[in-house]
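**Q** Below, each chain spelled out in residue letters.
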Amino acid sequence: MKLKLRIWRQADADTDGAMVSYILDDVSPDMSFLEMLDVLNEKLTGEGEDPVAFDHDCREGICGACSLVIDGQPHGPNAATTTCQLHMRHYADGDTIDIEPWRAKAFPVIKDLVVDREAFDKIIAAGGYISAPTGTAPDAHAQLVPKADADAAFAAAACIGCGACVAACPNGSGMLFMASKVAHLGLVPQGQPERHTRVIGMVQEHDEAGFGGCTNTGECAVACPKEIGLDVIGQLNRDFRKAVSGRR
Amino acid sequence: MSFEYYTLGEDIADDKAPTGPINERWSQRRFSARLVNPANRRKLGVIVVGTGLAGASAAASLGELGYRVENFCFQDSPRRAHSIAAQGGINAAKNYRNDGDSIHRLFYDTVKGGDFRARESNVHRLAEVSVQIIDQCVAQGVPFAREYGGMLDNRSFGGAQVSRTFYARGQTGQQLLLGAYQALERQIAAGTVNQHSRHEMLELVIVEGKARGVIVRDLVSGEITTHLADAVVLATGGYGNVFFLSTNAKGCNVTASWRAHRHGAYFANPCYTQIHPTCIPVSGDHQSKLTLMSESLRNDGRVWVPKTGGDERAAADIPESERDYYLERIYPSFGNLVPRDIASRAAKNVCDEGRGVGPGGLGVYLDFADAIERLGREAVEAKYGNLFDMYERITGENPYEQPMRIYPAVHYTMGGLWVDYDLQSSIPGLFVIGEANFSDHGANRLGASALMQGLADGYFVLPNTINDYLADGPFEALGEDHEDVKSAQQAVTSRIEKLLSINGSRTVDSFHRELGRIMWEYCGMERTDAGLNKAIALIRDLKEEFWTNVKVPGTGAELNQSLERAGRVADFFELAELMCIDALHREESCGGHFRAESQTEDNEAMRDDENFSYVAAWEWGQGSKPILHKEDLNFEYVKPSTRSYK
Numbered sequence: 079m080k081l082k083l084r085i086w087r088q089a090d091a092d093t094d095g096a097m098v099s100y101i102l103d104d105v106s107p108d109m110s111f112l113e114m115l116d117v118l119n120e121k122l123t124g125e126g127e128d129p130v131a132f133d134h135d136c137r138e139g140i141c142g143a144c145s146l147v148i149d150g151q152p153h154g155p156n157a158a159t160t161t162c163q164l165h166m167r168h169y170a171d172g173d174t175i176d177i178e179p180w181r182a183k184a185f186p187v188i189k190d191l192v193v194d195r196e197a198f199d200k201i202i203a204a205g206g207y208i209s210a211p212t213g214t215a216p217d218a219h220a221q222l223v224p225k226a227d228a229d230a231a232f233a234a235a236a237c238i239g240c241g242a243c244v245a246a247c248p249n250g251s252g253m254l255f256m257a258s259k260v261a262h263l264g265l266v267p268q269g270q271p272e273r274h275t276r277v278i279g280m281v282q283e284h285d286e287a288g289f290g291g292c293t294n295t296g297e298c299a300v301a302c303p304k305e306i307g308l309d310v311i312g313q314l315n316r317d318f319r320k321a322v323s324g325r326r
Numbered sequence: 025m026s027f028e029y030y031t032l033g034e035d036i037a038d039d040k041a042p043t044g045p046i047n048e049r050w051s052q053r054r055f056s057a058r059l060v061n062p063a064n065r066r067k068l069g070v071i072v073v074g075t076g077l078a079g080a081s082a083a084a085s086l087g088e089l090g091y092r093v094e095n096f097c098f099q100d101s102p103r104r105a106h107s108i109a110a111q112g113g114i115n116a117a118k119n120y121r122n123d124g125d126s127i128h129r130l131f132y133d134t135v136k137g138g139d140f141r142a143r144e145s146n147v148h149r150l151a152e153v154s155v156q157i158i159d160q161c162v163a164q165g166v167p168f169a170r171e172y173g174g175m176l177d178n179r180s181f182g183g184a185q186v187s188r189t190f191y192a193r194g195q196t197g198q199q200l201l202l203g204a205y206q207a208l209e210r211q212i213a214a215g216t217v218n219q220h221s222r223h224e225m226l227e228l229v230i231v232e233g234k235a236r237g238v239i240v241r242d243l244v245s246g247e248i249t250t251h252l253a254d255a256v257v258l259a260t261g262g263y264g265n266v267f268f269l270s271t272n273a274k275g276c277n278v279t280a281s282w283r284a285h286r287h288g289a290y291f292a293n294p295c296y297t298q299i300h301p302t303c304i305p306v307s308g309d310h311q312s313k314l315t316l317m318s319e320s321l322r323n324d325g326r327v328w329v330p331k332t333g334g335d336e337r338a339a340a341d342i343p344e345s346e347r348d349y350y351l352e353r354i355y356p357s358f359g360n361l362v363p364r365d366i367a368s369r370a371a372k373n374v375c376d377e378g379r380g381v382g383p384g385g386l387g388v389y390l391d392f393a394d395a396i397e398r399l400g401r402e403a404v405e406a407k408y409g410n411l412f413d414m415y416e417r418i419t420g421e422n423p424y425e426q427p428m429r430i431y432p433a434v435h436y437t438m439g440g441l442w443v444d445y446d447l448q449s450s451i452p453g454l455f456v457i458g459e460a461n462f463s464d465h466g467a468n469r470l471g472a473s474a475l476m477q478g479l480a481d482g483y484f485v486l487p488n489t490i491n492d493y494l495a496d497g498p499f500e501a502l503g504e505d506h507e508d509v510k511s512a513q514q515a516v517t518s519r520i521e522k523l524l525s526i527n528g529s530r531t532v533d534s535f536h537r538e539l540g541r542i543m544w545e546y547c548g549m550e551r552t553d554a555g556l557n558k559a560i561a562l563i564r565d566l567k568e569e570f571w572t573n574v575k576v577p578g579t580g581a582e583l584n585q586s587l588e589r590a591g592r593v594a595d596f597f598e599l600a601e602l603m604c605i606d607a608l609h610r611e612e613s614c615g616g617h618f619r620a621e622s623q624t625e626d627n628e629a630m631r632d633d634e635n636f637s638y639v640a641a642w643e644w645g646q647g648s649k650p651i652l653h654k655e656d657l658n659f660e661y662v663k664p665s666t667r668s669y670k
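Protein chains in written order, with the numbering used here: chain H, 79 to 326; chain U, 25 to 670.
Calculated from the structure, these hints are not laboratory results.
It is possible that some hints are incorrect.
Said to hold, decoys possible - Dumping the calculated SDA-like pairs for lysine to any residue here, alpha-carbon to alpha-carbon at most 20 angstroms:
| no. | chain 1 | residue 1 | chain 2 | residue 2 |
| --- | --- | --- | --- | --- |
| 1 | H | K225 | U | W644 |
| 2 | H | K225 | U | A403 |
| 3 | U | K522 | U | T572 |
| 4 | U | K567 | U | W644 |
| 5 | U | K575 | H | L118 |
Unchecked claim - A few chain U positions that, by computed beta-carbon distances, are all more than 12 angstroms from chain H:
| no. | residue |
| --- | --- |
| 6 | D35 |
| 7 | D335 |
| 8 | E352 |
| 9 | G497 |
| 10 | L502 |
| 11 | S511 |
| 12 | F597 |
| 13 | E601 |
| 14 | Q623 |
| 15 | W644 |
| 16 | K670 |
Note that the structure is a prediction, hence the values are computed from the model and not measured.
Backbone N, C-alpha and C define an ideal beta-carbon position, used for all residues, glycine too.
This is chain H alone, in the form it adopts within the complex:
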């Protein structure tokens, strides 16, 4: 099929960007969205033009590297799908597709569709862990974890840190990302000793990094490729309130 692509091109962080149009023939329905961009880049390179820079790595929907706002939606039109797992069979011959980077104050554009998501790492560094130095652990069965808790912790831990939640949020909030980690670690017994310091540290870092606040719009959960629900934000808010009020 033949597609018209309108892609955000921006040489670097300090240069203004703009949408540029490209026509691409011979797109196969079996291609992934990123493979379609590979084909475009091969063509651009052959024609002596600068290929489009975009982040990607595992192409199995788990590393969280791929991004792209496609026709206004992070990771494109399909629910629970990363861009690398979006296939061209969902498009029709003659379609026009808009492709843009994540847009958020905390995620500055580096080039074209590539943005800097280091702020997420800083949020994790501010408390998104359990302090368990290597070699200090008791036997794994020393502490039992009810299956329901383990499953709920896993569901929250499935976050891939892609940043779609931030790109979807009108406030540019990183709350869903942060809350998924707070919920994961708060749902297992090992995470209890640091539960309050964790949430305070992470929220502080989140705000300092330039992410906006949460106003319960819910766009983040809709955009999340791993279907992490708003309930984790409820958990975050409860934990935060308890932590700042000093209640246990």
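Once you have looked at the hints, place chain U on chain H.
**A** Chain U in isolation, oriented as in the chain H frame:
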């Protein structure tokens, strides 16, 4: 044997592993390795390249010990290393299932599974440490699957008759990596680890024979910088992307290992490539990578093809009596859970007979109809739901209603830089861990053992062995004006300038695809003397064309993804040739290496212990023939036997 392509050097040996009873060797080595007192550790710098299971766990653990750690990864965040994509699980000899497991049995299964081409001492240590790994990960909050009573659940994997695999749904690698990444971030916050993301190591700095640093390129600005330390640890993963199509992430490459190899680090068993039996088949020429379906699917899925070739009917229309459940037929005791090399070759054989299914006949069915009938759809969904969804997304077919189609694909490389028992390469001060080294898997890797090795090396082995080397430090301080540092910097900039100046007419990817096709055809699942000779000639011609006709747009002073790939593909050419030479010289079949000339009457791989029970450690021949050093393998505890899974 043909000496046309290589010369023979002196034999080598691993002199660090203690002798004596195998179950005491690791504790003996830990005791005999010299220590560095906590106050002195602060004066010692260690560079860790890579942030996968091995790199992140090593950097975090070394940071906790008090060393000054500089950590590098080419991804935008350490959390994105390709360990994150491992699905199935991690082995540990906990015997939580009371099914007869033990450290000795895990050791035995792994040595046998590796087709007797791994070191006994290393494998035993891996089995011992496996127990601690699970404890460590649970303490970090890794949400492993649990039973209703709150205890950890297990399942079984290929090559084992016990359930010793711990898992977190189909995303075990992700959860283990997040555990290690969080431990790493904790150390970054504590100031013991300094993290450099979006940086790629392009050269190793060697001064007076010792590894002392790395030259890296900032992938955003293009700036080339030098980082010096007392020791360097490579945790840079495998090189399966030499085949272009593989289950590896797109960025996986061999550059760091290859730069070290060119400076004298031996490259061991490069031709041992694991072909994974359960991948989604190729759909077209546009394809950029292959996706693996977890091996755990074979716990419940049954593998079959039609009994007769050319059967075009839909799976549901083929009656039971006309199906060949060939793994259950040929290997009754392991059935669908035979190891990966066996399952892969069996799939290739039935497809070669013309009985393959799907487009092009390169596929076999992985069928869950029986499991759904026996367990109910809900139970199957709970166990494998995310994998089924992933399959449907990629193929557009619903695996609850029709069987999945699978075909073998390049997955994991068991070869890598040669290391001794301390995980030190043949360059003093250069340590290599995880998939980047060669040491623990032999000629074949069993399921759920790669995650085990990555974390064993990073959390427990390296932090207990590197101190023996660092006890001689801190080494003399170096400046960037040192001659050896300057020459390493110069090597990087001139290679980049060369790649940018060729300005030919072919893209980097077109070369890479062609190289991959050569490798898959002649150095893939089945190799022959004639094919390998042909491949070497083809690779040499293609390499020559690459260096005169590649087109790399843009400059070096910016984010330039074509340039990144060009440097990596340039190294893949040299590696590919060595892989073929290694495959050519090894005139036997074992594990992930099948030489058509060496098979039994019923087409099973035929090992030749008399002549090939050694590690092939290759020394860079300075541009002429590589030099082969042999390390004899000795088996005192698991006597090599015909590897049967029947």
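**Q** Each of the hints needs a verdict: does it hold here or not?
**A** Against the structure, the hints come out as follows:
1. Note on K225/H and W644/U: the hinted pairing is violated, with a Cα-Cα distance of about 53 angstroms set against a maximum of 20 angstroms.
2. Between the alpha carbons of K225/H and A403/U the distance comes to roughly 15 angstroms, so the proposed pair stays at or under 20 angstroms and holds.
3. Straight-line distance between C-alpha atoms of K522/U and T572/U comes to about 10 angstroms, which keeps the hinted pair within the 20 angstroms bound.
4. Our distance criterion of 20 angstroms between C-alpha atoms is met by K567/U and W644/U, whose separation comes to about 17 angstroms.
5. This hinted pair checks out: K575/U and L118/H have alpha carbons roughly 16 angstroms apart, not beyond 20 angstroms.
6. Interface exclusion of D35/U from chain H stands, the closest Cβ pair being 36 angstroms apart, more than 12 angstroms.
7. The claim that D335/U is not at the interface with chain H holds, since no C-beta of that chain comes within 12 angstroms of its own (minimum 24 angstroms).
8. Distance to chain H confirms E352/U as a non-interface residue, since its nearest Cβ pair spans about 29 angstroms, more than 12 angstroms.
9. At the 12 angstroms boundary, the C-beta of G497/U stays outside the reach of chain H, the nearest C-beta of that chain being 21 angstroms off.
10. Listed as outside the interface, L502/U is consistent with that label: its C-beta sits roughly 29 angstroms from the nearest C-beta of chain H, beyond the 12 angstroms cut-off.
11. With 12 angstroms as the threshold on Cβ separation, the claim that S511/U sits away from chain H holds: the shortest Cβ distance comes to roughly 31 angstroms.
12. Against chain H, the non-interface label of F597/U holds: every CB pair exceeds 12 angstroms, the least being about 19 angstroms.
13. The claim that E601/U is not at the interface with chain H holds, since no C-beta of that chain comes within 12 angstroms of its own (minimum 26 angstroms).
14. With a minimum CB-CB distance of about 34 angstroms to chain H, Q623/U clears the 12 angstroms threshold, and the non-interface call stands.
15. Annotated as non-interface, W644/U keeps its C-beta farther than 12 angstroms from every C-beta of chain H; the closest such distance is 29 angstroms.
16. The Cβ of K670/U sits about 34 angstroms from the closest Cβ of chain H, beyond the 12 angstroms cut-off, so the non-interface label holds.
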